[in-house]
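Knowing the structure of chain A, use the given hints to seat chain B on it.
If you read the sequences in order, they're chains A and B.
One rule links them: number in my numbering = place in the first sequence (from 1) + 71.
One rule links them: number in my numbering = place in the second sequence (from 1) + 71.
Where hints are given, some of them may not hold.
The list treats identical chains as one, so a pair stands whether inside a single copy or across any two.
Said to hold, decoys possible - Simulated crosslink set (EDC-like; lysine to aspartate or glutamate; CA at most 16 angstroms straight-line):
1. Lys263 <-> Glu204
2. Lys162 <-> Asp280
3. Lys162 <-> Glu392
For the record, the hints were derived by calculation from the structure and aren't laboratory data.
Protein chains: 2
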Amino acid sequence: MPELRKDPIIGRWVIISTERGKRPSNFGKIEKLVSPKACPFCPGNESSTPQEIMAYRPDGSEANKAGWSLRVMSNKYPALIIEGELDREPKGIYDRMNGIGAHEVIIETPHHEYDLVDLPLQSIKDVLWAYRERYLDLQRDPRFKYILIFKNHGSAAGASVEHSHSQLIATPIIPKRVAEELIGAKKYYDYKERCIFCDIIRQEITDQDRVVCENDSYIAFQPYASRFPFETWLMPKAHICNYVDIDIDMHTELASILKEVLTRLKTGLANPSYNYILHTGPVGTEYRDFYHWHIEIIPKLTRVAGFEWGTGFYINPTRPEDGAKFLRELQIPGNTVSV
Amino acid sequence: MPELRKDPIIGRWVIISTERGKRPSNFGKIEKLVSPKACPFCPGNESSTPQEIMAYRPDGSEANKAGWSLRVMSNKYPALIIEGELDREPKGIYDRMNGIGAHEVIIETPHHEYDLVDLPLQSIKDVLWAYRERYLDLQRDPRFKYILIFKNHGSAAGASVEHSHSQLIATPIIPKRVAEELIGAKKYYDYKERCIFCDIIRQEITDQDRVVCENDSYIAFQPYASRFPFETWLMPKAHICNYVDIDIDMHTELASILKEVLTRLKTGLANPSYNYILHTGPVGTEYRDFYHWHIEIIPKLTRVAGFEWGTGFYINPTRPEDGAKFLRELQIPGNTVSV
Numbered sequence: 072m073p074e075l076r077k078d079p080i081i082g083r084w085v086i087i088s089t090e091r092g093k094r095p096s097n098f099g100k101i102e103k104l105v106s107p108k109a110c111p112f113c114p115g116n117e118s119s120t121p122q123e124i125m126a127y128r129p130d131g132s133e134a135n136k137a138g139w140s141l142r143v144m145s146n147k148y149p150a151l152i153i154e155g156e157l158d159r160e161p162k163g164i165y166d167r168m169n170g171i172g173a174h175e176v177i178i179e180t181p182h183h184e185y186d187l188v189d190l191p192l193q194s195i196k197d198v199l200w201a202y203r204e205r206y207l208d209l210q211r212d213p214r215f216k217y218i219l220i221f222k223n224h225g226s227a228a229g230a231s232v233e234h235s236h237s238q239l240i241a242t243p244i245i246p247k248r249v250a251e252e253l254i255g256a257k258k259y260y261d262y263k264e265r266c267i268f269c270d271i272i273r274q275e276i277t278d279q280d281r282v283v284c285e286n287d288s289y290i291a292f293q294p295y296a297s298r299f300p301f302e303t304w305l306m307p308k309a310h311i312c313n314y315v316d317i318d319i320d321m322h323t324e325l326a327s328i329l330k331e332v333l334t335r336l337k338t339g340l341a342n343p344s345y346n347y348i349l350h351t352g353p354v355g356t357e358y359r360d361f362y363h364w365h366i367e368i369i370p371k372l373t374r375v376a377g378f379e380w381g382t383g384f385y386i387n388p389t390r391p392e393d394g395a396k397f398l399r400e401l402q403i404p405g406n407t408v409s410v
Numbered sequence: 072m073p074e075l076r077k078d079p080i081i082g083r084w085v086i087i088s089t090e091r092g093k094r095p096s097n098f099g100k101i102e103k104l105v106s107p108k109a110c111p112f113c114p115g116n117e118s119s120t121p122q123e124i125m126a127y128r129p130d131g132s133e134a135n136k137a138g139w140s141l142r143v144m145s146n147k148y149p150a151l152i153i154e155g156e157l158d159r160e161p162k163g164i165y166d167r168m169n170g171i172g173a174h175e176v177i178i179e180t181p182h183h184e185y186d187l188v189d190l191p192l193q194s195i196k197d198v199l200w201a202y203r204e205r206y207l208d209l210q211r212d213p214r215f216k217y218i219l220i221f222k223n224h225g226s227a228a229g230a231s232v233e234h235s236h237s238q239l240i241a242t243p244i245i246p247k248r249v250a251e252e253l254i255g256a257k258k259y260y261d262y263k264e265r266c267i268f269c270d271i272i273r274q275e276i277t278d279q280d281r282v283v284c285e286n287d288s289y290i291a292f293q294p295y296a297s298r299f300p301f302e303t304w305l306m307p308k309a310h311i312c313n314y315v316d317i318d319i320d321m322h323t324e325l326a327s328i329l330k331e332v333l334t335r336l337k338t339g340l341a342n343p344s345y346n347y348i349l350h351t352g353p354v355g356t357e358y359r360d361f362y363h364w365h366i367e368i369i370p371k372l373t374r375v376a377g378f379e380w381g382t383g384f385y386i387n388p389t390r391p392e393d394g395a396k397f398l399r400e401l402q403i404p405g406n407t408v409s410v
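So that you can see chain A by itself, here it is in the shape it has in the complex (with noise of 0.2 angstroms):
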C-alpha cells in the first residue's frame, strides 16, 4: 500500500510508493525507454495492461483487443491505488494517510511511431476530450480533492515508455503548487476584485511581445517570471475555472493551439524533451471566481540544478521576451498537416 506522508514544516505531501522503487543496488543506472517491440501500449499488447477503463474505438469492437484510437487504463505500477480508505492518523508528530488514489495513463495514439504533435487535430481533440470525461468520472469520488493530468515527453522529462501517452493522478489531497496558486489567485481577487489570469492576459495582449501565437479563444505566451527558457503557457482568453466548462468548440480551437505551440518548440528546439501539466480548479465550486485553468508547457532544455529545487529559487538564463520572439517567428508548416 502506498502510503502519503505530509512533511511537518512547510505541509507538503509526499507520496511514498514502494510499488515503483528500485533496490539500492540499481540507483544511479537511468533506465532506457522501452523499444518498440515490446511495448505494452501499442495494438495486439493490451494483455500486458490493465484492464481499460475507456477507449475511442469502432462501435461493436471488443473491449481490450486491437482496434481503439485511444485508450485509457490504470497504471501497471500505480502511484496511488483506487481500493481502501485514506485512514489519516499521526506517526509520533508526524501525519500518514493511506496512499489512496487513482493512476491512469492515457494512450494518445495506436501509432508507436507519432508523437502528440504529429496527430492530425481530430486526433489531439480526442485526446483533450477524454481528459474531460476522466475528470467528470473521477470527480465523483468524494475522496478526491484534485485530479491531475501531465505528460512527460522524452526521456529528459521523465517519459519511461517511449509510445506517446499522458497520465492523470487523482489525490485526496490539494498539489502544493495548485495550493499556493490558489491562495495567490484569491489574495489578488480579495483585494483587486478580478481574476489575476485574467489580468496577467490582458497585460499580455497589451505587451504582445511574450506572446507565441493565439486564437480566438485562447492565448499561449511566455510567463514574466518564466522559471524555464520556453516555459509556455496557454490559457482560455475568457474567465473559466475547470477544465471541464470548456465546449466542444473550445476543445477544437484548445487543439489547434496546443499543435501549434508543440510543433513550434519541435521545430525551434529540435524536439526538445517537455512536460506539460494541466492546471485546473480543484474538485467544488469554491474556486470559481478566482482560478482559471490552464497548460503549463516545461520543455527540459537545461539541467535544473538540485539547488534550484532545494530552494524554489530558479535561474533562467533565456528572457521569455527573446524565447516567445523565437517561436514566434519560426517558419512552421501549416497548422492542419495530418497523419
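Just chain B, lined up with the frame of chain A:
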C-alpha cells in the same frame, strides 16, 4: 544586468540572467564537464578566473597565484551582480528589480582529482569554516536578505565544472522554500512554543529507523516525508538558528559527520551525483527562536519528472526507513582516511 522578476500568482522571484544563456540553437545539447587540462579551478590557472575574494594560503604567498589550499572568488558567469541599486519597480501588473547580489565560488581543494568526500577532515573543516567567513562578510551588506550556500556534485546534479567546489548566492529576497520553512516553523512555534526542528530531532532519536549516523552534536537522518530516495538531512542537536553561530569544535564534528554521510552515499550508491544546500536563518535576529539551521543532501538517483517540480508533488520510490537502514549498515572505511 540580470533581473529579478516576481511571479504575480504565487509570489516566487526568478532570476533572469542572460549572461549565462545559450542561443536557442544550442538548446538541447547538455555540455560535458570541463576536462582537467582546461580546468580554471586548478592551481596555476588563477588568471582564468576573477580575482580571489579570500583564500587559505601560506603566510606571505601571493594572491591569485598557486599555493592556496582553498580559494573563493566571484563566479565568472554570475547569476547576480554585486554593483548597483535594486531599483524595485512595476512593469504593468508585474514586479521587478535589478539582479543585485553576490555569486561566489568556493574551490574546496587544489587537487582536481579529489572530491569533497575524499579530503582529509581538516580540509573539509576548512571548507565549512570558509562558508562561515563568507556569511559573516556578506551579511553586513544591507541589500542582502539571504545567503545561500550549496554544492552541485556530478553532472546529473548540475555541476558544470568537475573540480570540487561549492557556490554561494547572496540575494535581496528570501528564497521561496526557505520562506515556507520560516512560515511553517513560526506557525508551529506559535502553537507549541517549541522549535519544530528540535521536535523532529527528538522524534528521530526515539524512532531510530530513519537515522543514518550521529555524533555528539549532530544527527543525520532521512526525513519522514522525503521527496527523493536517500534524501538526507544533517542537523545540529542543539537549537541554533544560524550557521554562523556554531563554534570551532562544532565545525570539527560537522566535518566529521558530513564526511561520514558522503562516504556512505558514495560507497552504497556508486558515487552518485548529489546536491547539498545549507539552510540557515535569514540575515537578522527575528528568526532565532523558531528556525534551526541544517544541511539537506539530495542524491540525484531518479529522474525528476517535470510534473513533480511543476506541482510540488513528489513520488518517492524508496521509504526513508529502508534508505537509512541501507546506509547505516554499510561497512565503510574509518572516518579518518586522509588524502
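Checking an output row: Lys162 and Asp280, CA cutoff 16 angstroms. Within, between, both or neither?
Only across copies: Lys162 and Asp280 sit 13 angstroms apart there, 51 angstroms inside one copy, limit 16 angstroms.
Checking an output row: Lys263 and Glu204, CA cutoff 16 angstroms. Within, between, both or neither?
The answer is neither: 34 angstroms in one copy and 46 angstroms across copies each exceed 16 angstroms.
Within a copy, between copies, both or neither: which one fits Lys162 and Glu392 at a CA-CA cutoff of 16 angstroms?
Classified as between: cross-chain Cα gap 14 angstroms, same-chain 49 angstroms, threshold 16 angstroms.
This entry does not satisfy hint 1, going by the numbered hints stated previously; all others are met.
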